[in-house]
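Read top to bottom, the protein sequences are chains G and H.
Residues in the first sequence are numbered from 1 upward in steps of one, following UniProt numbering.
Residues in the second sequence are numbered from 1 upward in steps of one, following UniProt numbering.
Among the clues, some could well be false.
Each pair may be met inside one copy or between any two copies, as identical chains are not told apart.
[Unchecked claim] Here are the simulated lysine-lysine pairs, DSS-like style, with alpha carbons at most 25 Å apart:
| no. | residue 1 | residue 2 |
| --- | --- | --- |
| 1 | K276 | K31 |
| 2 | K238 | K119 |
| 3 | K238 | K120 |
| 4 | K187 | K327 |
Since the hints were derived computationally from the structure, they do not count as laboratory data.
The residues making up each chain are set out below.
Protein chains: 2
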Amino acid sequence: MNFNVAVIKGDGIGPEIVDQAVRVLDAAAEKSGHEFTYKQILMGGASIDAYGKPLTEETLETARNSDAVLMGSIGGNTTTSPWYRLPAELRPEAGLLALRKGLGLFANIRPAYLYEELKKACPLRDEIIGDGFDMVIMRELTGGLYFGERSTEVVDGIRVAKDSLTYNENEIRRIAVKAFDIARKRKKHVISVDKANVLDSSRLWRQVVEEVAKDYEDVTYEHMLVDNCAMQLVNDPKQFDVILTENMFGDILSDEASMITGSIGMLSSASLAEGKFGLYEPSHGSAPDIAGKDIANPIATILSAAMMLRYSFDLDAEADMIEMAVKKVLKDGYRTVDIMSDGMVQVGTKAMGDLIIERI
Amino acid sequence: MNFNVAVIKGDGIGPEIVDQAVRVLDAAAEKSGHEFTYKQILMGGASIDAYGKPLTEETLETARNSDAVLMGSIGGNTTTSPWYRLPAELRPEAGLLALRKGLGLFANIRPAYLYEELKKACPLRDEIIGDGFDMVIMRELTGGLYFGERSTEVVDGIRVAKDSLTYNENEIRRIAVKAFDIARKRKKHVISVDKANVLDSSRLWRQVVEEVAKDYEDVTYEHMLVDNCAMQLVNDPKQFDVILTENMFGDILSDEASMITGSIGMLSSASLAEGKFGLYEPSHGSAPDIAGKDIANPIATILSAAMMLRYSFDLDAEADMIEMAVKKVLKDGYRTVDIMSDGMVQVGTKAMGDLIIERI
Ligand SMILES: [Mg+2]
Ligand SMILES: [Mg+2]
Numbered sequence: 001m002n003f004n005v006a007v008i009k010g011d012g013i014g015p016e017i018v019d020q021a022v023r024v025l026d027a028a029a030e031k032s033g034h035e036f037t038y039k040q041i042l043m044g045g046a047s048i049d050a051y052g053k054p055l056t057e058e059t060l061e062t063a064r065n066s067d068a069v070l071m072g073s074i075g076g077n078t079t080t081s082p083w084y085r086l087p088a089e090l091r092p093e094a095g096l097l098a099l100r101k102g103l104g105l106f107a108n109i110r111p112a113y114l115y116e117e118l119k120k121a122c123p124l125r126d127e128i129i130g131d132g133f134d135m136v137i138m139r140e141l142t143g144g145l146y147f148g149e150r151s152t153e154v155v156d157g158i159r160v161a162k163d164s165l166t167y168n169e170n171e172i173r174r175i176a177v178k179a180f181d182i183a184r185k186r187k188k189h190v191i192s193v194d195k196a197n198v199l200d201s202s203r204l205w206r207q208v209v210e211e212v213a214k215d216y217e218d219v220t221y222e223h224m225l226v227d228n229c230a231m232q233l234v235n236d237p238k239q240f241d242v243i244l245t246e247n248m249f250g251d252i253l254s255d256e257a258s259m260i261t262g263s264i265g266m267l268s269s270a271s272l273a274e275g276k277f278g279l280y281e282p283s284h285g286s287a288p289d290i291a292g293k294d295i296a297n298p299i300a301t302i303l304s305a306a307m308m309l310r311y312s313f314d315l316d317a318e319a320d321m322i323e324m325a326v327k328k329v330l331k332d333g334y335r336t337v338d339i340m341s342d343g344m345v346q347v348g349t350k351a352m353g354d355l356i357i358e359r360i
Numbered sequence: 001m002n003f004n005v006a007v008i009k010g011d012g013i014g015p016e017i018v019d020q021a022v023r024v025l026d027a028a029a030e031k032s033g034h035e036f037t038y039k040q041i042l043m044g045g046a047s048i049d050a051y052g053k054p055l056t057e058e059t060l061e062t063a064r065n066s067d068a069v070l071m072g073s074i075g076g077n078t079t080t081s082p083w084y085r086l087p088a089e090l091r092p093e094a095g096l097l098a099l100r101k102g103l104g105l106f107a108n109i110r111p112a113y114l115y116e117e118l119k120k121a122c123p124l125r126d127e128i129i130g131d132g133f134d135m136v137i138m139r140e141l142t143g144g145l146y147f148g149e150r151s152t153e154v155v156d157g158i159r160v161a162k163d164s165l166t167y168n169e170n171e172i173r174r175i176a177v178k179a180f181d182i183a184r185k186r187k188k189h190v191i192s193v194d195k196a197n198v199l200d201s202s203r204l205w206r207q208v209v210e211e212v213a214k215d216y217e218d219v220t221y222e223h224m225l226v227d228n229c230a231m232q233l234v235n236d237p238k239q240f241d242v243i244l245t246e247n248m249f250g251d252i253l254s255d256e257a258s259m260i261t262g263s264i265g266m267l268s269s270a271s272l273a274e275g276k277f278g279l280y281e282p283s284h285g286s287a288p289d290i291a292g293k294d295i296a297n298p299i300a301t302i303l304s305a306a307m308m309l310r311y312s313f314d315l316d317a318e319a320d321m322i323e324m325a326v327k328k329v330l331k332d333g334y335r336t337v338d339i340m341s342d343g344m345v346q347v348g349t350k351a352m353g354d355l356i357i358e359r360i
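Isolated chain G, as found in the complex (with noise of 0.2 Å):
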């Protein structure tokens, strides 16, 4: 089949990093006989220094036509690039959360895998960690806190600040369905989060969740609250696979869990659509202070890559080959310079690309 890929290269490392995943992304498609089409596109301070702006509405329509986006990272360094001495709606993060909102992306991923050959990075003890943990955490993107109504009053000489929570239940359930869909691609089994003894969102969110589940006979889920959640990502992070959470408590629990394993410049991530629309990224930043060295790490992106095979166009076997030649190399000893350690060999951001590609 053929695929088509709308690519943002990105500013610092982004066109290093989302060169190499690109490569393997050819080295996959050659593989298995599918095709991807590439169509670059710019957002963020690359599009700025363009068009002005961060994000056109022809990229965004470029965007929307495509079958999913891979994306690098955007945005410079804060405190020198010109691009943050314009007002923050030009800013290139601005850029993304309007990519963001007019993809219709509601679905937030973020995997947390410890990769046994860098266990000693992680901050937890080996029996803790144990045979180690794969899961992913789902988080609800467009609602909650972060969209309600807010405002700041004062009311009889009292400064009065006031934020608001709401779910309905289409949001609840179409994110729902996709932590479901997903947990059945992995160990099948869904916990959901919420704090359902206080807040009437939770309360909604557990029925709803509740009501999904029946469709989906062979995953098998609970019931956490947030607070007990915190505790059992330290306590026993091998108990989870798919997290699905609303927008506050995913924002902090894929944080916590992205810190458990030790290894942040490998996280992958995904925000999904209605369909099987998709944006991949990697969860780091953009360095500027390392871009054009050489040096970056691209595992991050090629992970993203993978989980565009496997979410958007469902090419499992595909995604599993790229994930697993990532491991390999892993296991073979070789590391770029953020994972280095004693004994290992170090490599640049192509040659890290190189070695696994020839692993495919």
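Put chain H with the ligands on the given structure of chain G with help from the hints.
Leaving out everything else, chain H with the ligands in the frame of chain G:
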């Protein structure tokens, strides 16, 4: 000086652990020439059994007229105890909520301390622990999402649930003042946690904390986003002294922090009102399965009594005395069964009390 302490022994292991805390208090009183007068009051299951409800108006009045409240743990086995066949507002936990409200307790303090001797139970690696960590989490207890208006309605056939998060400047100021006061008794550093890049309530929180900080030139402070804080607790817990935060964030972060100590059975807590009044209780539950067996760990309650001396009575030297005695007992190799490890001497509840008293 003479201090009046209202004592709630509570349910399950409550009575036996409170007994040891009172004995330790008396030992400290004898050393220092102060005097504690105790008034026993009933709350929770014990009050249901005696009066048919978990908190009576007279009990609340007695608590209010004391200088502080020392409490064990309340509640029973939720599946077997008859207390849980009562309507929610008549169950043991409803008594605690009513007591907190009736006493105007708006600031919850939970220390998260790593005992060198119990280091192996900490889920974090030795390199992360370093020389240990010692922080307190101060959580706002009467505002935010827990007490905002909420509703669930059907709008155009669709269920919509809404919660609200409100803070006014007075609510923020009074807890910020507590946090800076307590930092003065400790390492003089406050980290105020919010989500100011998203929430109006967090932006007001940040403003008011900055206003309060002006009165504490000897205390340094910084702001941290809640998602980053969830990461930093795992990544580098040593950096924290006093964490100041709102209700929901405090719920999540204090539980995460307690888990990283690895010894929840050792953790005390306090809930403070305006002025010096406070209620002091262990963080753990009433463990009805081991009640009356003389095996429960009384240390969290004993340390809660020490907090009472420090925060309600300003008896810092006496509080230090108790805390040092606890450390000494651990160093000398004595353990209750919940923290037992190879080569140590296992002791019961009362014996642990004796050992601590000997070291005062
Ligand atoms: Mg975050
Ligand atoms: Mg909690």
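Check your understanding: Given a CA cutoff of 25 Å, do K238 and K120 count as a within-copy pair, a between-copy pair, both, or neither?
Key -> both (17 Å within a copy, 20 Å between copies)
Check your understanding: 25 Å Cα cut-off: does K276 pair with K31 within a copy, between copies, both or neither?
Key -> Classified as within: same-chain Cα gap 23 Å, cross-chain 72 Å, threshold 25 Å.
Exercise for review: Go through the copies and call it for K238 and K119: within, between, both or neither, with a Cα cutoff of 25 Å.
Suggested key: both (14 Å within a copy, 22 Å between copies)
Exercise for review: Since the copies are identical, ignore which copy is meant and state whether K187 and K327 lie within 25 Å (CA to CA) inside a copy, between copies, both or neither.
Suggested key: within (19 Å within a copy, 44 Å between copies)
Every hint from the earlier list agrees with this structure, and none is contradicted.
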